[in-house]
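Chains A and B are the protein sequences, given in the same order. Using my numbering, you'd call the opening residue of the first sequence number 1 and step up by one each time. Using my numbering, you'd call the opening residue of the second sequence number 271 and step up by one each time.
Simulated from the structure, these hints should not be mistaken for lab results. One or more of the hints may lead you astray.
[To be verified] One-sided excerpt, in silico: chain A residues whose CB lies under 7 angstroms from chain B:
hint	residue
1	Asp-82
2	Tyr-86
3	Leu-220
[As the list claims (entries may be wrong)] Negatives, chain A to chain B, calculated, CB over 10 angstroms:
hint	residue
4	Glu-54
5	Arg-79
6	Ser-171
7	Thr-186
8	Arg-210
Using N, Cα and C, we set each Cβ at its ideal position, and we do this for glycine too.
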Amino acid sequence: MPFGYASPEQIMRDKADYARKGIARGRSVVVLQYVDGILFVAPNPSRALHKISEIYDRIGFAAVGRYNEFEELRLGGIRYADINGYTYDRSDVTGRGLANLYASNLGRIFTESIKSLEVEVVVAEVGDTKEGDAIYRLTFDGSVFDEHGFAAMGGQAEAVAGRLKERYRESMSLADALEVALTALTEPGGERPPVAQLEVAVLDRNREHRKFLRLTGARLERLLAQTSNPPATPPATPPATPPATPPQGSGDTPPPTGPDGDVDDGSSPL
Amino acid sequence: MASHRDLPVGLVNQLFQNTGSSSFTEFVGSYAPELLPRRGEVLATPIGDQVPHATTIVAATFAGGVVMAGDRRATSGNIISQRDVEKVFRADDYSCMGIAGTASTGIEFARLYRVELEHYEKVEGRSMSVQGKANRLATMIRGNLAMAMQGLVVVPLFAAYDPDKDEGRIFSYDVAGGPYERERFDAIGSGSIFARGSLKKLYRDGATADDMAMTLIQALYDAADDDSATGGPDVSRKIWPIVSVIDADGFRRLPEEEVSGYVQQMLDARLISPDGPIAPLR
Numbered sequence: 001m002p003f004g005y006a007s008p009e010q011i012m013r014d015k016a017d018y019a020r021k022g023i024a025r026g027r028s029v030v031v032l033q034y035v036d037g038i039l040f041v042a043p044n045p046s047r048a049l050h051k052i053s054e055i056y057d058r059i060g061f062a063a064v065g066r067y068n069e070f071e072e073l074r075l076g077g078i079r080y081a082d083i084n085g086y087t088y089d090r091s092d093v094t095g096r097g098l099a100n101l102y103a104s105n106l107g108r109i110f111t112e113s114i115k116s117l118e119v120e121v122v123v124a125e126v127g128d129t130k131e132g133d134a135i136y137r138l139t140f141d142g143s144v145f146d147e148h149g150f151a152a153m154g155g156q157a158e159a160v161a162g163r164l165k166e167r168y169r170e171s172m173s174l175a176d177a178l179e180v181a182l183t184a185l186t187e188p189g190g191e192r193p194p195v196a197q198l199e200v201a202v203l204d205r206n207r208e209h210r211k212f213l214r215l216t217g218a219r220l221e222r223l224l225a226q227t228s229n230p231p232a233t234p235p236a237t238p239p240a241t242p243p244a245t246p247p248q249g250s251g252d253t254p255p256p257t258g259p260d261g262d263v264d265d266g267s268s269p270l
Numbered sequence: 271m272a273s274h275r276d277l278p279v280g281l282v283n284q285l286f287q288n289t290g291s292s293s294f295t296e297f298v299g300s301y302a303p304e305l306l307p308r309r310g311e312v313l314a315t316p317i318g319d320q321v322p323h324a325t326t327i328v329a330a331t332f333a334g335g336v337v338m339a340g341d342r343r344a345t346s347g348n349i350i351s352q353r354d355v356e357k358v359f360r361a362d363d364y365s366c367m368g369i370a371g372t373a374s375t376g377i378e379f380a381r382l383y384r385v386e387l388e389h390y391e392k393v394e395g396r397s398m399s400v401q402g403k404a405n406r407l408a409t410m411i412r413g414n415l416a417m418a419m420q421g422l423v424v425v426p427l428f429a430a431y432d433p434d435k436d437e438g439r440i441f442s443y444d445v446a447g448g449p450y451e452r453e454r455f456d457a458i459g460s461g462s463i464f465a466r467g468s469l470k471k472l473y474r475d476g477a478t479a480d481d482m483a484m485t486l487i488q489a490l491y492d493a494a495d496d497d498s499a500t501g502g503p504d505v506s507r508k509i510w511p512i513v514s515v516i517d518a519d520g521f522r523r524l525p526e527e528e529v530s531g532y533v534q535q536m537l538d539a540r541l542i543s544p545d546g547p548i549a550p551l552r
């Protein structure tokens with residue numbers, strides 16, 4: 001401690017504020033269950049720098065925040081999974097194990113380092129049935145949330161999660177789930193991100209070997225065409241919600257004391 | 271260096287000291303070397319004869335892909351140790367490997383190799399090039415040279431679909447590595463001389479995947495016919511060769527019904543003509 005005294009509470013609070021502000025500057029990412037597995041959707045203008053990734057046969061990863069930090073978590077996760085699958089058996093690698101590893105590392109870094117990581121992570125595992133699916137959301141301080149059905153994180157996480165909660169239903173088709181995700185990611189009255197700026201992937205339990213599949217190009221466009229033509233399949237009874245929530249604050253402007261550096265603000269870091 | 275157990279997420283900045291490769295084998299080598307296939311241990315006496323061996327893998331290209339097939343017999347000396355062993359392994363979506371030689375080492379290689387390819391793909395966000403895949407396998411074989419000298423020889427045959435060329439490619443290896451790219455077809459294992467002779471006569475340029483699967487089944491039968499360590503189709507137990515096809519749609523192992531159909535067709539013909547189809551003289 002170079003200058004004077006700061007209470008532990010104050011230090012922790014400052015670190016948490018710092019991390020929260022960093023994460024809040026980025027865009028949101030949405031993860032939700034659909035009938036055949038789990039869908040990941042992230043607005044991401046970069047084609048090469050992913051926010052969504054495969055970790056293992058049944059396990060996917062999504063992250064928001066500082067790219068270099070969550071990339072390191074991603075690589076660590078892949079190593080953890082591959083080494084365990086090779087040591088024991090492929091079926092012995094679980095999403096829970098990975099979530100615990102991330103939680104302990106995030107927690108350790110939060111308490112021990114001067115700067116906590118500015119990341120939020122989702123570890124999702126697809127099961128043989130929808131009951132076997134798991135979505136774990138981890139925050140910068142190592143807290144783990146076992147989410148049911150869907151998770152949102154990043155910039156306007158609360159608003160996005162609110163919109164998700166309104167529209168999410170169990171066992172949606174892939175097209176419906178994508179529609180719900182895009183609606184959740186779009187501010188009421190706002191414009192949806194163009195196809196070229198969408199990163200979409202699924203963990204599809206019906207696939208053989210590795211369940212993770214990135215949806216790109218023609219396949220994604222076909223899927224989006226299915227979603228936008230029959231506009232709102234979700235129960236058209238309570239659509240009075242969008243006008244009820246007006247412009248949703250000026251969430252786009254970064255907070256005044258946001259950290260410097262390569263926080264993911266939606267533009268390509270390269 | 272980050273120590274063994276606190277790894278996966280070592281957020282210490284070791285830029286340039288530890289740039290990290292995308293190779294799983296290299297990572298395991300520094301993190302937990304005991305997990306890698308044994309290297310360089312010298313045994314008092316060669317034990318090659320006491321360990322089950324796998325024999326005869328064949329592969330051939332067709333228009334837009336490659337087929338690989340293997341018989342099911344494993345032998346220890348003159349004993350048949352297993353009748354339904356699997357020697358052709360899927361490596362990733364677009365490649366596979368067959369193994370001849372010490373079965374245990376081969377299976378270990380196949381397991382490690384699959385992780386190696388997937389690890390690279392996940393870390394880099396792209397698949398390794400076909401030549402890269404062939405080279406990685408060569409490195410693994412080279413690492414096993416000391417064991418090979420003790421009689422624990424394992425030699426793979428590698429086949430992959432190359433999306434850049436839209437064709438199948440075949441690579442073979444010797445105990446010291448390789449890779450040697452093969453045109454059209456190749457065979458490894460104790461029955462390979464007979465299989466290769468058969469393939470030489472039966473191979474047709476531009477054949478379909480189905481025709482090439484049939485050709486490989488014929489070649490395996492010819493190998494089993496003359497090599498005691500290669501198993502022919504076991505009709506009473508319904509054990510058929512393993513046949514895998516790789517093309518632009520990826521890797522697929524032919525279902526048992528399909529293979530048994532081919533085998534039955536071949537056996538019926540062999541009842542009339544025991545040496546199999548006759549290639550035209552001119």
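Hints and how they fare:
no., hint, in the structure
1, Asp-82, "holds, 5 angstroms"
2, Tyr-86, "holds, 5 angstroms"
3, Leu-220, "violated, 17 angstroms"
4, Glu-54, "violated, 5 angstroms"
5, Arg-79, "violated, 5 angstroms"
6, Ser-171, "holds, 28 angstroms"
7, Thr-186, "holds, 27 angstroms"
8, Arg-210, "violated, 8 angstroms"
Taken one by one, the earlier hints fail for this structure at numbers 3, 4, 5 and 8, listed in ascending order.
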